[in-house]
Amino acid sequence: MKNIRIFKRLLGYLKAYRLRLVLVLLAAVISTAFMVLAPFLVGKVTTTLFAGIADGVFYWETILWLLAALVALYFVSQLFSFLQGFGMAKITADVMQTIRREIDEKMHRLKLNYYDVHTHGDILSVITNDVDTINNTISQNLTAVVTQVTMAAGVMKASEKYYGEQQELLGKLNGYVEEMYNGQTVVQTFHYQERAKKEFARLNDALKTSSRKAETTAGAVSPITTRLCWNIPGVLRSRFLLLQEWQEALARQRQQEIAFSAFWMQKRRFRTASGV
Amino acid sequence: MKMIFSKVKLKPKQISGLFLLVLFSAVGQMLLPSFLAQMISHGVAESKNSVIWMYAAIMAGITVLSCIISFLSVKIASYISTDFAAQLRELVFSRVQEFSAAEMDQFGTASLITRSTSDITNVQNFLTLLLRVGLLAPMMAAAGLVFSAATGGQVSSVLLVAIPVLLITLTIIMIFASRYSIRLRKKLDQINRLFLESLEGVRVIRAFNKQKAESARFEEANGDYAMTAMAAGRITSLLMPVISVIFGVTTAAVLGMGAYYVNTGAMEVGSLVANSQYISMVLTSVMMLSLVIMMFPTSYACAKRISEVLETESSIRDRSFPLEKRPAHATVEFRYVTFAYPGAEEPILKDVSFVSNPGEITAIIGGTGRGKSSILKLISRLYDPMFGEVLIDGVNAKEYRMEDLRSFIGYVPQKNVLFSGDIAENLNFGKENGTEEDWKQAAKIACADEFICKKKQGYHEAVAQGGTNLSGGQRQRMAIARAVMKKPEIYVFDDSFSALDMKTDRQLRQNLKESIGEATVIMVAQRISTILDADRILVVDDGQIIGNGTHKELLNTCPLYREIAEIQLGKEAV
Chain A
1 MKNIRIFKRL LGYLKAYRLR LVLVLLAAVI STAFMVLAPF LVGKVTTTLF
51 AGIADGVFYW ETILWLLAAL VALYFVSQLF SFLQGFGMAK ITADVMQTIR
101 REIDEKMHRL KLNYYDVHTH GDILSVITND VDTINNTISQ NLTAVVTQVT
151 MAAGVMKASE KYYGEQQELL GKLNGYVEEM YNGQTVVQTF HYQERAKKEF
201 ARLNDALKTS SRKAETTAGA VSPITTRLCW NIPGVLRSRF LLLQEWQEAL
251 ARQRQQEIAF SAFWMQKRRF RTASGV
Chain B
1 MKMIFSKVKL KPKQISGLFL LVLFSAVGQM LLPSFLAQMI SHGVAESKNS
51 VIWMYAAIMA GITVLSCIIS FLSVKIASYI STDFAAQLRE LVFSRVQEFS
101 AAEMDQFGTA SLITRSTSDI TNVQNFLTLL LRVGLLAPMM AAAGLVFSAA
151 TGGQVSSVLL VAIPVLLITL TIIMIFASRY SIRLRKKLDQ INRLFLESLE
201 GVRVIRAFNK QKAESARFEE ANGDYAMTAM AAGRITSLLM PVISVIFGVT
251 TAAVLGMGAY YVNTGAMEVG SLVANSQYIS MVLTSVMMLS LVIMMFPTSY
301 ACAKRISEVL ETESSIRDRS FPLEKRPAHA TVEFRYVTFA YPGAEEPILK
351 DVSFVSNPGE ITAIIGGTGR GKSSILKLIS RLYDPMFGEV LIDGVNAKEY
401 RMEDLRSFIG YVPQKNVLFS GDIAENLNFG KENGTEEDWK QAAKIACADE
451 FICKKKQGYH EAVAQGGTNL SGGQRQRMAI ARAVMKKPEI YVFDDSFSAL
501 DMKTDRQLRQ NLKESIGEAT VIMVAQRIST ILDADRILVV DDGQIIGNGT
551 HKELLNTCPL YREIAEIQLG KEAV
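Line order of the protein sequences matches chains A and B.
When you line the first sequence up against this note's numbering, it's residues 1 to 276, in that order.
When you line the second sequence up against this note's numbering, it's residues 1 to 574, in that order.
In short, the hints are calculated from the structure, not lab data.
A hint or two may mislead.
[To be verified] In silico lysine-lysine, BS3-like type, Cα no more than 30 Å apart, as pairs:
{"#": "1", "chain 1": "A", "residue 1": "K106", "chain 2": "B", "residue 2": "K13"}
{"#": "2", "chain 1": "A", "residue 1": "K213", "chain 2": "B", "residue 2": "K187"}
{"#": "3", "chain 1": "B", "residue 1": "K13", "chain 2": "A", "residue 2": "K111"}
{"#": "4", "chain 1": "A", "residue 1": "K15", "chain 2": "A", "residue 2": "K172"}
[Said to hold, decoys possible] Computed footprint of chain B on chain A, listed as stretches where at least three residues anywhere in the stretch have a Cβ under 8 Å from a Cβ of chain B:
{"#": "5", "segment": "11 to 22"}
{"#": "6", "segment": "50 to 58"}
{"#": "7", "segment": "85 to 94"}
{"#": "8", "segment": "173 to 185"}
[Claimed, not checked] Here's a subset of chain B near chain A, in silico, CB distances under 7 Å, partners left out:
{"#": "9", "residue": "R89"}
{"#": "10", "residue": "V262"}
{"#": "11", "residue": "A266"}
Computed from a prediction, not measured in an experiment: that's the story for all the values here.
C-beta atoms are modelled at their ideal positions from N, C-alpha and C, and glycine is treated no differently.
Chain B extracted, bound-state conformation (with noise of 0.2 Å):
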């Protein structure tokens, strides 16, 4: 909490402007009864219609005027809660966008998701409620005692006994209430579970023909959710008739005891109706700051969440070598880099050690899972290496700002991530304002300006996100076009051919190799097909770099790469 406020710029002159308008509002609130009891007391019980009309045009100026001050207020607090809200948002986006991979894999994309849009929303609401109702509350119970002593004391005796059981009564039922609202977050769960799986699986579902045996598992968890949101609804609808009984009878009791005093001749009967109506107020107030307090476990675990992300630093820091000084060009070397993913027991990579240089194309080849897509993270510096270096252009990768070290890196992600717009906007990504031109060559190389040009819109067509509304060779074509675009002295392709028929990836490999000039390549490849005429194969297993040579050499010196490429190719070709 402390850390979010102190963050979050809110403004005094506001906050302070809400507190004195609720003070306004709470004072007029306590002398309404006041002038009620003045008119009673005056005007009804001497029978003087003139007075009764003067109290009643004061008290009806007192209500338009609290009326005014209450619209102010929720404005006031509305302006607050939702500035508070908007910073908060940007502050907890914008500290992620600095994230590294570590720290994206630490807490989880999902998690993150919901510390940035529900977990505010959650903070937000509490916030409102703070202003609105945790500053008048308190107020209005001080002020309600202290008029109701002032007026006739010994009546307010009765909030001795209604303030403890409205208490106890509302924290029974809310512990009730509340074992019911987390069995019926469970339950909903379960229900989004299982229609999330019917929303992914939807095509297959169709495809076998399995709708009905679908819809029944939904039903099942549907009927089961209702059941207990039924009960939930039942109990929570205990709580309002039960507090109103509670208020009645105090109502009761005060009027009883007034009566007696007024016998007695200690009180008037204009501030006995004036102290019911205050320890109404008294008793009000204290049910709605219990409230605030009982919502504030919930908000203070979402307060909490958010802090963490801010409180979190990028693991990968920047420094400032400037390009200009690159001793080299289009060169990448590891030197005997050994790294782990956070959190892992053994390293992905174990003194791993190559260059290449401009001009080179560099594949690399092995097992699903053997640290083949870890060399290229470590490349555009998703992460740090545990030991040793990557040196990028001759210098150690951590030595560059980051922006400046993938302006020249092209990145093609194993995961063909596109976003939702157009397809000119997803190739912008590679170079900002491009141009129609810059597009269409970007996407004749990467062979994807065919299809392009087959849709409606051409280079203005929807891209749904992740780009679902492309096949996935389309979205690899995409994906390196937007690379190429970026015009980048190093490519690193991870597996970035796989959904390519043997046609297009020739094609494409031949476009770029006409295209990249002296720039260096360094591609993860599942096909050796695809690498025949690299420059340079790495054969990556368990980690380590086992072979390393042409196609030629390998085929004589690496019988792991000898056995994918008899597996591959078949025994003759090889």
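Next up, chain A with everything else stripped away, as it sits in the complex (with noise of 0.2 Å):
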């Protein structure tokens, strides 16, 4: 139910671009249908080659015909891709922005009493790595589901339960070493350090387990969605790879599964705070 909600939220921000949306999403579709017109040539020239070969005469023309075709192909899909990409950019940061905006100005309007409770590190981890997170998400995920088509959703919803828990360990033994290391003099002249260490040895311990399980869900997304296509000759299939791969490679994966629950809980923190 949450999820719905926050998408609908999320959704909201991006009404007021949906002329600009509609527009990307139709470059998108229009890239990605030439891209699958791809595979489609490659094996009409073998067929032509496997033709030639039977009736003992070689068609080169039509071989340099679908080869050309090929290229154009690839620059007019890759054309549209990049216009997609262009469009989006303005998009997301335009969102940024305004989600930037609204939680500052939220921040003036606060009860005072919610600044008691909250560590500073804490709220401003809210516009830092999670609007951060949310743009990840808008402008890699919104393309993805495009592109890709994906049957990783069911993972993803599996994930995205760790990566909600192991962001939270995350934030919890990162306000644990600040407070230590803020709390040095008091640590040391109280001899704390030992029952410190074991506090923190607890909460890493917890993170770990945490993000084992997240990096084992999400990490088998891609080689099952990369090896379901093996079958896809070539060219397709090396695009797929190196879709999932780059991304892989960029670390933003995990970012774009925590994006909604980190969204979740940036809404929650203020809905609290605010008694709404």
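Join the two chains into one complex using the hints; note that each chain is given alone, in its own frame.
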């Protein structure tokens, strides 16, 4: 339920860019449609070659035309793919600006006692990490939805839970580090080091376990989807591989998946604060 | 890097296991195109359906197998990297716990926090990448080249052009993108700074009704950031299309060249198809590898910052003078102590000497920044003096085990740091597993029991980080109670009564006097009224003791003290 609410809210931000979004999605569709034709053309080349062998004649002209068409296909498809990215950049930047502005304004409206029970680091991380995460989601997921038509949805759901947990534990651990370092004088004079180490080890262990679960479930997505595409011939398959490993390489995948929970957390924090 | 890997224990079994799995996975990926080639040559070309189905089944089998292998290798890689990160975090945290104040100053708290958190995360991410991509990519590239050369060598010459073009394009786009990302980073810092400023000043901003002005300032930086983010996004959105085009043109070139060789009879159609796959595999691997290489400098910098922490030893060394052999109790003596903070040009304490005996209260007064707190820090051995000796119970402070020394010193810092948790947990800093009785007793002495009992949850009332949900006075009393919990021989109060009203101040001092017995008290104070009845008052100016005596004596012997007293108490009273 909550996910749907968050999703709706996220859509709310996108509403103002309806026309632009439609154009962006159209570009994505065109780009993908052209890409889908590529293996078909490659197949045609092989067929022509076979036909040539069978007939004893070599159909140079047909092959050259096919190859020229293949190159043209790539150019057109990637031109639209670029247009889509180009348009998306504007939308994401604008939406992020709006969200940041709203958080800032909310900060000035919140009841003061909210600040008694939240550390500055905690609130600050809303505007840094969480907003960043949403940024990556919007810019990549929307695109991914169209280009990948991914079967990862199920796995995403499973790993989302762990990512939320992992993010929370990471926050706790970092908060603990910050607090102990800031209070070093007291920690030392009260010889609290051993107790601090013990508590840290406990938090650290919990984080380790949780991130293992998250990484394993999320990591399963990419090889499975990649492998499922194995039998799609050459070009398209390598493109899938490219897309997915690429995203992994930039270590963004993890952020995508926590985005919704992060967004939800941010909302929850401010909602409870303002007593809505 | 070396430093880190010498300290973090990775399990060789996991790594060799991962290596094997990755090897299998690479071979599996290479086998598929070969089977595809066979299928085309023997099945499709000769129109034998049974052969096609056989190869299809083999390929499906390999696919399922490599799915399993991939899953396992992801699992192992994540085990290795999370284990690595957890060990590293623990090492760094433990090391910082041992740091003395000097090392804390040297690095700065904020920098240490970054090094213990996001720097480690960054290195962990890089390790994950290395384990998942860095291992596979070189194998794939090598295997791809070998297979391609073996099955139709001529077409692989396309790579001679394709790889350099790919690398150059990648580099150019990355240079532009990283330029933007640096600018973006700076603008993001700016946004965070403004936001934090508003956050810290939120009460003041409300009080002066300046929300609009603050928001306008924020919005300016926000808009600026959005513009840069958009430009950066546009540059990066060039990357994938350009790479795809390079891949596409390469495929077309391979097919074109291949068609020529098929025509001359030097190549079969099946191996041509397989070759186009091998070549795109090689290209993919080269690209991923170059990505890993591009991310290396940042991660290396992070690793270096972590190593610096691990390489730093605490400048304060532990000895092991047995507590029961101490010649005296509850005495503090400074003998010609000179002390400078690390990196400071001028010593903050010069030639300081004094004695405080059991049952005595020694008060220290003087202007701000003149070295009063430094005297107290030397007693708890947060720092060591440059010259001279600090004797605690007749033994040089350096001779003790730190834990022993601090077990009988109750320190109340100037900044009354409390920790998130509840009141009881904070009091238990002074005594592990303290009971409700202990808390009550300590809190009563510190005049804290009253306000604690008024809280809904009493001793289990939540305390926010830094104790910000308590008032300044409440925090001070909590910090005092925390020290009282220890039942120390030596009390060290660093300006610990400043936030109390006169009445509480007097009451608290009365309670302390009654309860501390033979303990000695050393306190820094601002208010003359707080120290009127001290056994000894040290007047500190410019790092030197310029007056030493009781209130009455000092009024006559120390002009500076007389001046302070006249200002605070009024001429007539003095």
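* Is the Cα-Cα distance between K15(A) and K172(A) 30 Å or less? -> Between K15(A) and K172(A) the Cα gap is close to 35 Å, so the pair fails against 30 Å, i.e. violated.
* **Supplied contact hint for R89(B), tested at 7 Å Cβ to chain A** => 6 Å, holds
* Examine the segment 50 to 58 of chain A for residues whose CB is less than 8 Å from any CB of chain B, and state whether their number is three or more. => holds (count 4)
* Asked: Are there three or more residues in the segment 173 to 185 of chain A whose C-beta lies closer than 8 Å to some C-beta of chain B?
  -> It holds: at least three residues are needed, and the segment 173 to 185 of chain A offers 12 whose Cβ sits within less than 8 Å of chain B.
* To do: Assess, step by step, whether the Cα of K106(A) is no farther than 30 Å from the Cα of K13(B), and give holds or violated.
  => With Cα atoms ~52 Å apart, K106(A) and K13(B) exceed 30 Å; violated.
* To do: Establish whether the coverage given for the segment 85 to 94 of chain A by chain B is satisfied; the threshold is a Cβ-Cβ distance below 8 Å, and no fewer than three residues must meet it.
  => Holds: 8 residues of the segment 85 to 94 of chain A have a Cβ under 8 Å from chain B.
* Evaluation of the interface hint that places A266(B) against chain A, nearest CB under 7 Å -> Since the shortest Cβ distance to chain A is 13 Å, the answer is violated.
* To do: Could you grab the alpha-carbon distance between K213(A) and K187(B) and see if it respects the 30 Å cut-off?
  => Given that 30 Å is the threshold and the Cα spacing comes to 35 Å, the pair is violated.
* To do: Using 7 Å as the Cβ threshold, decide whether V262(B) counts as touching chain A.
  => 5 Å, holds
* Is the Cα-Cα distance between K13(B) and K111(A) 30 Å or less? -> 55 Å, violated
* **Outcome, coverage hint (the segment 11 to 22 of chain A, chain B; C-beta under 8 Å; three residues)** => violated (count 0)
Against the hints set out earlier in the document, violations occur for numbers 1, 2, 3, 4, 5, 11.
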